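Asks: Residue numbers (the working numbering), protein chains in the order written: chain A, -11 to 373; chain B, -11 to 373; chain C, -11 to 373; chain D, -11 to 373.
There could be a bad hint or two in this list.
It does not matter which identical chain is meant; a pair holds if it fits inside one copy or across any two.
[Said to hold, decoys possible] In silico DSSO-like links for lysine-lysine, alpha-carbon gap of 27 Å or less:
id	residue 1	residue 2
1	Lys216	Lys261
2	Lys19	Lys(-7)
3	Lys333	Lys282
4	Lys354	Lys19
5	Lys282	Lys316
Since the hints were made in silico from the structure, they are not lab data.
No experiment lies behind these values; they were computed from the predicted model shown.
Number of protein chains: 4
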Amino acid sequence: MLKKKICVVVTARPSYSRIKTALTAIKNHPKLELQLVVAGSALLGRYGNAVDFIENDGFTVDEKVFMVLEGENPTAMAKTTGLGVMELSNVFYKLNPDAVVTIADRFETIATSIAAAYQNIPLIHIQGGEVTGNIDEKVRHANTKLADVHLVASEEAKERVIKLGENPDMVVNTGCPSIDLAKEIAESPNLDFDPIEKYGGVGESINWKDGYLVVMQHPVTTEYKQAKVDVTTTLKAIDELNIPTFWFWPNVDAGSDGTSSGIRTYREIHQPKNIHFFKNMEPNDFLRLLKNSKCLIGNSSVGIRECAYLGVPVVNIGTRQNRRERGKNVIDVMYEKDAIKDAVKNRIDSEIIVSEHIYGDGEAGKRIAEVLASIQLHFHKTITY
Amino acid sequence: MLKKKICVVVTARPSYSRIKTALTAIKNHPKLELQLVVAGSALLGRYGNAVDFIENDGFTVDEKVFMVLEGENPTAMAKTTGLGVMELSNVFYKLNPDAVVTIADRFETIATSIAAAYQNIPLIHIQGGEVTGNIDEKVRHANTKLADVHLVASEEAKERVIKLGENPDMVVNTGCPSIDLAKEIAESPNLDFDPIEKYGGVGESINWKDGYLVVMQHPVTTEYKQAKVDVTTTLKAIDELNIPTFWFWPNVDAGSDGTSSGIRTYREIHQPKNIHFFKNMEPNDFLRLLKNSKCLIGNSSVGIRECAYLGVPVVNIGTRQNRRERGKNVIDVMYEKDAIKDAVKNRIDSEIIVSEHIYGDGEAGKRIAEVLASIQLHFHKTITY
Amino acid sequence: MLKKKICVVVTARPSYSRIKTALTAIKNHPKLELQLVVAGSALLGRYGNAVDFIENDGFTVDEKVFMVLEGENPTAMAKTTGLGVMELSNVFYKLNPDAVVTIADRFETIATSIAAAYQNIPLIHIQGGEVTGNIDEKVRHANTKLADVHLVASEEAKERVIKLGENPDMVVNTGCPSIDLAKEIAESPNLDFDPIEKYGGVGESINWKDGYLVVMQHPVTTEYKQAKVDVTTTLKAIDELNIPTFWFWPNVDAGSDGTSSGIRTYREIHQPKNIHFFKNMEPNDFLRLLKNSKCLIGNSSVGIRECAYLGVPVVNIGTRQNRRERGKNVIDVMYEKDAIKDAVKNRIDSEIIVSEHIYGDGEAGKRIAEVLASIQLHFHKTITY
Amino acid sequence: MLKKKICVVVTARPSYSRIKTALTAIKNHPKLELQLVVAGSALLGRYGNAVDFIENDGFTVDEKVFMVLEGENPTAMAKTTGLGVMELSNVFYKLNPDAVVTIADRFETIATSIAAAYQNIPLIHIQGGEVTGNIDEKVRHANTKLADVHLVASEEAKERVIKLGENPDMVVNTGCPSIDLAKEIAESPNLDFDPIEKYGGVGESINWKDGYLVVMQHPVTTEYKQAKVDVTTTLKAIDELNIPTFWFWPNVDAGSDGTSSGIRTYREIHQPKNIHFFKNMEPNDFLRLLKNSKCLIGNSSVGIRECAYLGVPVVNIGTRQNRRERGKNVIDVMYEKDAIKDAVKNRIDSEIIVSEHIYGDGEAGKRIAEVLASIQLHFHKTITY
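Using the sequences plus the hints, can you model the full thing?
Replies: This is the structure:
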């Protein structure tokens, strides 16, 4: 029997975590053949070299696509996307897949969508239908309108995609594969490694064994000039709290240099004694680190998604996760030093937080592979109203 | 007072007809400054050199963007779009407009949308919310999700854009500027020029004075290999009808070479005595030619839109205009020689056809300029549900 | 034993003829592995679909690279080259060859050279060291300066490459593979097919059996606006001579549309009775057609190279072959109707023309493969003075 | 009178120093109009934001071209060049200059050359004819073969360009504009600023007032994996010498991340007490810093060129400046810690070094403008032999 060729494009470190268990399930499914394309910042050392983790996890990378243009402005982000369309068009022409999978809503994911849709290849969109209120939202819903099949992560997302005029038969709530990883961690949650010993990083060699915070703050793409100011506010709050903290470097975006530069400047001047910085961490280790932390601070979607499942307290700062469905584990604050400090204290003192299954029950990867194997694929659709 | 800079991107000959009166109204509006970008096939001789008409009409072209990649497959179409994103990103970075206008749903229009949206420039989409059922539909609705303001051409379109989750305050039914041209023609409909004398063209020097047909048939992008077969069917039908006919060359698309090649082959072998071929015609002259014709045959949207207003009979072939709102002037047939012949005969014998205002009342251009001058522009939005 | 991977990039129909026997010899050599990349106009129907001939000849194409940008100006030519650098960089990164072969001097060949040289892959340049006096010359000698090994086609070329500061050990006169094909034809010269029956083409069905001319005229890239005027002059001369003639369409270049348009216009108006037009022909058939013709007219390098070996009379028009070494078979004229006519008459009446081995003895393909197999490859060099 | 439009493309910080006085002279010349394009790493913060210095010096930048692709491998370098060809083709199409100036031999300079030559714009190459023995040499001599006029920096360079087959009338030894800046400094050499106070930088606040070293070490592009090892060797040598040292960050190149990463790692682990690091410095301040230093160490061409004029001792490490003409001020060593240390000690103890005018007498800028104003420009040439 001929296997269906499923081409998945991973363009960034966080996208890999959101698709990993699905990649495994596709690879192992008797009716499917996995074609894996790694592109964009997932190939770059500055952004954590996701490609190394991918290959270490035993996946074969069929194509590597260098497409990130340097520059501290949104023009570079737009041009990176254009270049991505050109390069991925070549890749799909060559790999000739039966379907292409695009993940979520980062700016460059629309390159995958266009390259597939314009070449009449059925397009599967993972994690459509969510709502955040920034540039990601334009990209995410545009991906929905270019896609033929929608594998969403929550019931609310499913309803929204259907409201967008998509055929309900083509919209399936599989849950988010990132929760699959969280499930594994929740089943055996001990912190079985020393983060500094294993990952190095820079900054003080903090004493984390009696409890620690985790910070992950990305620039907000439509307000990129603010990035440096914003990260400095959070740095001050954490510095003053003086609790041992692991801080993660941001991933690529217009303005990531603002955030990075903010961090570098602050370190040079203030040399905060309680913060250790990491560039990246294997997804499993990262979740385990979160599971054992007192609180996650920042604006990462991990706080909204995985931490809901894991029952980890979260202080979510700013507008980046605006309007995303969230659980009781999250407190929202703006970029104000004292508000951040108060919220962290509140979260640390809160009672035990219960796991919520908003973004899936931990079986998303297998469910995605199953849908891909059984669904009738088309590249032609029409709006339902 | 500082004028709002409105940057309009015209990428093809037919798009120019659909925006011309709006360009004039923007140029003449005291609160607006027009920045005109001509790109893609609008710059190419093979597709009618729209740029010459634009400059002859008195518009100054601020930037010319060469971006069409050669090739007889959809890969070239996709890569053209990617290149368009890169080039238009540069152009908007340099022109620094207050808003960018993208027109309708051709594949390359999403390049305009991405280049503007990713650089945080408010994006105006003209003619969203319609429904056709081909690749154009994916592009059109994706444009809607990337755009901040929607200037639509019919009430049905307005409702559809709002259903897509757009803020109703940002959706205005202006009507289609192409109808503005039709209105001018309807007010003084005489055919005041000799088409062959004025435009040359190739093929027999037909006697058109006692009545003639017009044919305009484009390849259907998701079925491009069929292009040659389809055009040959229509050629046979028209050849057998033996009524004097003006036939227009298709515009650029994957497969236009299929259509073009079909026409060339048929001419070489059959030398049809009743058909004269044109590459292009000034929009006004074209509408006047239609207004005085017995019937328009093919799959052009002109048959659905302008001809409804003009009251010209239309035989619409195939799926290209699927689900578009249409008037009583249109008969739909598939690509079958005898069906086409019968439909043409039926249309020629039909009683007088009444003008219908489905796509506007002839004042769209001015209305678009007025909205652009008065609306508060944003580049940040969120879905309404 | 590990075979040396030799990656050859063919970007146009004429380049294929110039490398074909070398491709065969590389493919069959026990120490070499052929990686074949077909790019640019060699993939396009408008320019003769060289890729079909290549595949029909039994070669496997490893990568196809669509890179030709449409446009009637030199800007498109430059951008095509830039796109070629980007695309071929990807291709070489993926194929990871031990050496890359770039052929001659068309504008896009420098894309191959840059993509290889900048990735530290040893670069072999075929047919450097010649001299013509147009834009090709800039490209050809720049290719020489980027290349590590030079396989040239004549003794004069060898001396010139050494004068350019290249290490004499890295310059080998192999002769030109195009002459290998000519040798085969010369050994069994009968015209064993009916050109019109086999290749179709357009125009009158001329009576060629009692002798015929062949015309092949390309636009001269640095004077592209002249292309239409020039081709019309030649058309008039041939029309007036009224000898049966096979005329070949030009290959892609800025201005090829000027030449094509000149041909189309002339045909439409004058309908010359003695000319039949072809888009392309298999190289062997083309050489056989030449061998049996009364004279070749135009500005093709085939007249200078293959026809010297074949002993075919040539009227070479204009500056395109300026300063190229030539044999006694050639008369040079400028674009003047009467001069062309007189030269053709002179050539037809000339006595038998002797074969000259200026560009090789017919064993170039094997010699090229042998050098590639035995030479020590480097990507690092320094000028000799 | 119509001024000749001279378009100069600056793609990196060091290129700016090499052209600055010529830019001023062109700007002020009554017969010339300066069109200034800033591109590539000259626009990027990571590489010193040369564009800010350019604008602060009073130049108007006509076009900014973002073209640097991220990636730690030579593929990114090649693709950056391809993108540069595309972007600069647009820029020259729009600016329509009478001549384009490309500077020296960095990998991306060939993009300028191709974009100009292929659009039939006369190309001026500055600083051709030198010899170094790395990838730069391929680029430099290829630029020569694409260029129409050659403004070289030494008599040896002039002879070499003529040997390359260029018309001697089109080769002028103007000297190098970088020496013009050196002349100004030599005329008033006092160190009139505090480097750390003015430029910040990172690392120890060294006591430099009693004498200091300067280090500038770039990765060698054809050996980029060695970059980290090499820079570590130099760091160890300087660390052990324990003389106050100003160290400059490298500019962009494949492998600059190797060098940068080597520096970061060394700092993190060894925290050298005698080294202060700068990202960049205004050219004048940098030369003044050199003039007052005990010795320059590394592989920068500044050591070979400006330091010869300034009479500053230099320890030149490795192969990067191989075969470049040099003065008595230079000692060459390989990447061996003790050899570097010994050479520095030797240089510090050497007697006074005499200024040598190998690369010009300090009037190059004016001479370049004068040649551009008076020379007859062509875009058509042929090799002289």
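Asks: Of the numbered hints stated earlier in the document, which are not met by this structure?
Replies: Every hint satisfied by this model.
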